[in-house]
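Q: If you read the sequences in order, they're chains E and P. All the letters of the first sequence, read from the start, carry residue numbers 1 to 187 under my numbering. All the letters of the second sequence, read from the start, carry residue numbers 188 to 478 under my numbering.
Just so you know, the hints here were simulated from the structure itself, not pulled from any lab data. Keep in mind that this is a model prediction, so the values were computed, not measured. For each residue, glycine too, the CB sits at the ideal point set by N, CA and C. Among the hints, a few may not be true.
[What the hints assert, rightly or not] What follows is a list of derived Cβ distance ranges for each label pair: (1) S22(E) to E340(P): 57 to 63 Å; (2) M188(P) to L2(E): 15 to 21 Å; (3) H103(E) to D203(P): 56 to 62 Å; (4) E183(E) to L233(P): 23 to 29 Å.
[Said to hold, decoys possible] Stretch by stretch, here's where chain E covers chain P in the computed footprint (C-beta under 8 Å, at least three residues): (5) 234-242; (6) 304-311; (7) 314-327; (8) 354-362; (9) 376-387; (10) 451-457.
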Amino acid sequence: MLAVIAWTIILGFPGLDRMKPSDYTGSHRERLLKQGAAGRAEVAIGDFDRFVRRPMADRLEWTQRVPRVSHSWHLYRDGPSKVRRVEIWVDDELWFRSQDADHPWRRAQLTMRKFRPMVSTTASEPHAKNWKGMVRWAATEAYKDKPDLKEVRVVGTVAPFPSGEPARVKRTYVASPPDFVPERLQR
Amino acid sequence: MIARLWNRWVDHCDRDVDVRPLALMRIFVSLCILGDLVRVLQLGLLDDFYLRYADGGLSGIEEYWWFLDDVVGRESAGFLAYGVTVTCAALILLGIGVRPAILVGVLFYAQLGHGYPPGDRAIDRILRLMLIFLFFTPAHQKWALANVLFKREAAVKAKGWIYDAVKWFLIVVYLCAGIGKLMNNADWMGLGKFSPLYRILTDPLASNLDPNWWYGLHPLFRFGSWATIIIELTPILLLTRFCPHWAVGGFLIHFGIAVTMNLGMFSWGMLAMYPMLFAPWIFDDRGLPFR
Numbered sequence: 001m002l003a004v005i006a007w008t009i010i011l012g013f014p015g016l017d018r019m020k021p022s023d024y025t026g027s028h029r030e031r032l033l034k035q036g037a038a039g040r041a042e043v044a045i046g047d048f049d050r051f052v053r054r055p056m057a058d059r060l061e062w063t064q065r066v067p068r069v070s071h072s073w074h075l076y077r078d079g080p081s082k083v084r085r086v087e088i089w090v091d092d093e094l095w096f097r098s099q100d101a102d103h104p105w106r107r108a109q110l111t112m113r114k115f116r117p118m119v120s121t122t123a124s125e126p127h128a129k130n131w132k133g134m135v136r137w138a139a140t141e142a143y144k145d146k147p148d149l150k151e152v153r154v155v156g157t158v159a160p161f162p163s164g165e166p167a168r169v170k171r172t173y174v175a176s177p178p179d180f181v182p183e184r185l186q187r
Numbered sequence: 188m189i190a191r192l193w194n195r196w197v198d199h200c201d202r203d204v205d206v207r208p209l210a211l212m213r214i215f216v217s218l219c220i221l222g223d224l225v226r227v228l229q230l231g232l233l234d235d236f237y238l239r240y241a242d243g244g245l246s247g248i249e250e251y252w253w254f255l256d257d258v259v260g261r262e263s264a265g266f267l268a269y270g271v272t273v274t275c276a277a278l279i280l281l282g283i284g285v286r287p288a289i290l291v292g293v294l295f296y297a298q299l300g301h302g303y304p305p306g307d308r309a310i311d312r313i314l315r316l317m318l319i320f321l322f323f324t325p326a327h328q329k330w331a332l333a334n335v336l337f338k339r340e341a342a343v344k345a346k347g348w349i350y351d352a353v354k355w356f357l358i359v360v361y362l363c364a365g366i367g368k369l370m371n372n373a374d375w376m377g378l379g380k381f382s383p384l385y386r387i388l389t390d391p392l393a394s395n396l397d398p399n400w401w402y403g404l405h406p407l408f409r410f411g412s413w414a415t416i417i418i419e420l421t422p423i424l425l426l427t428r429f430c431p432h433w434a435v436g437g438f439l440i441h442f443g444i445a446v447t448m449n450l451g452m453f454s455w456g457m458l459a460m461y462p463m464l465f466a467p468w469i470f471d472d473r474g475l476p477f478r
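If we strip away everything but chain E, and leave its shape as in the complex, we get (with noise of 0.2 Å):
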C-alpha cells in the first residue's frame, strides 16, 4: 500500500504533475518572493517539485511506459473556446457535420471515442498529423459509397460560442481518386 502511495505521489502529485519548471524560476520566482508568505510558499513548493520529485519521477517513468499506464490525469479542463465543426463534403454535397442530424454520413465511425481525436484534431490543430490520415480514411470510405465520385473534402468549420453567426471555413484538404492522397488547402 505504501509503495502505490508513493508510486502515484510521485508520478502524478495532483498540481505539480501541471507544473512546469519555468512556473518558479528566473524572473517569475523574483516576483513570487516579492509576494510575501503565498508566493515563498509557491517557490518552496517548486523547488521540492524541480529537486525531489521530478528527479525521482523521470526514474519511475519507465514503470508507466510498458503497461501504458498514468498517474497525471488531465481529463477535460474547460472545453473549446469556439465552436469547431467537421464537414465532410463529396463532389459538393455536404455528407456529414458534426452535430447534424441531417448529414448523418459514417456518424457512428466518425463519433467513436478512438476515433474522435482524428476528427477533432484535424478541425482544430493545424499542427497535429492526423489530417492525413482522417482526410484519407474520408475519401477511401466515400468511394465505397460512389465509386465515380471526383474529390473529397474535409473541411473545418469555426463559429464563436453560441453559435448564431454563421460558421467560417478555417481548415480545408481534399483528397481524389486513384490514389487518394490527402492535400491540404488551407490552414
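Following the hints, position chain P against chain E.
A: Chain P alone, transformed into the frame defined by chain E:
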C-alpha cells in the same frame, strides 16, 4: 511509538474486507474493455486503427514502445494484440484463468495503445491500472465460471489494502482533474459568460447538445461547473464513512457525461469502480467491512 504506529498500519492493511465489490469491479472493468473493442470491430475500424499510416491506417504517430510489430510483422501486430486483448477480457469477465489473463491482457492492451496512440485515452490507462490492482486480489474467485467448472470454493474476503489502493487512486484521479481545471481556468468557479461545462457539453466534436439551444439553460451549466469542482476537490471523503454519499455526486457527473457526450466507455469505465464506493448500500452485511 513508531513500532506501534507501524503495527497499526499493517493491521489496517491486512484487515479482511468483503470480496464482492472487487468481483463486481472485475466483471464491469472487463465488460467495458470487451464492449469497447467489439465496437471497433462492429464499426469496421480494425484496419484503420491498428495499421500504420504507411500501410493504410489512420495514425501517423509511431511510438517507441510499440514493439509487437518488430516481433510478428507490421501487418499482423495490431490484429494479434487485438485478438489477445479481447480473449483476455472475455476470460477475466467469465472468471477463468483470471490472473494470467490480466498479466497477458494488460500487456497486449497496452500494445494496442502504443500502436494507435490517439485512441488510447485516459480511461484505457485507468482500466489497465485497475486490472493490475485486481491481479493482487481474490476477485477471480467470486462469481467466476472457474468455481463451477473446477468445483472451487468461492472467495468470501479480501485484504483491505486493495480497497485503500483503489480509493487512493480515485482520489488522485479526481484531485488531478479538479486542480487541473482550476489552474487552467478560474471560470469553473466564476460567473463567466460561457461556463466551461457549457463549452464542454456543447462541443459539436464531442457532444450531442446543440450550443444554441442549450445556451438558454446556461445557469444550469454554471451550477454544474461549480458542482463538478466541488466533487473533484473532495474525493478525500472516499476514505471516510461518507464515501457512498460522495459517490452519488461522482455517479451524477459520469452519468451526465454518458448521456450528453460521445466518449464511449469513459463514463462506464469510471463507474465500473463504483461498486466499491456504493458497497455499504448495495450489498447485504455479512460481517465483513466495506471500507
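Q: Enumerate the violated hints, using their earlier numbering and listing them in ascending order.
A: none
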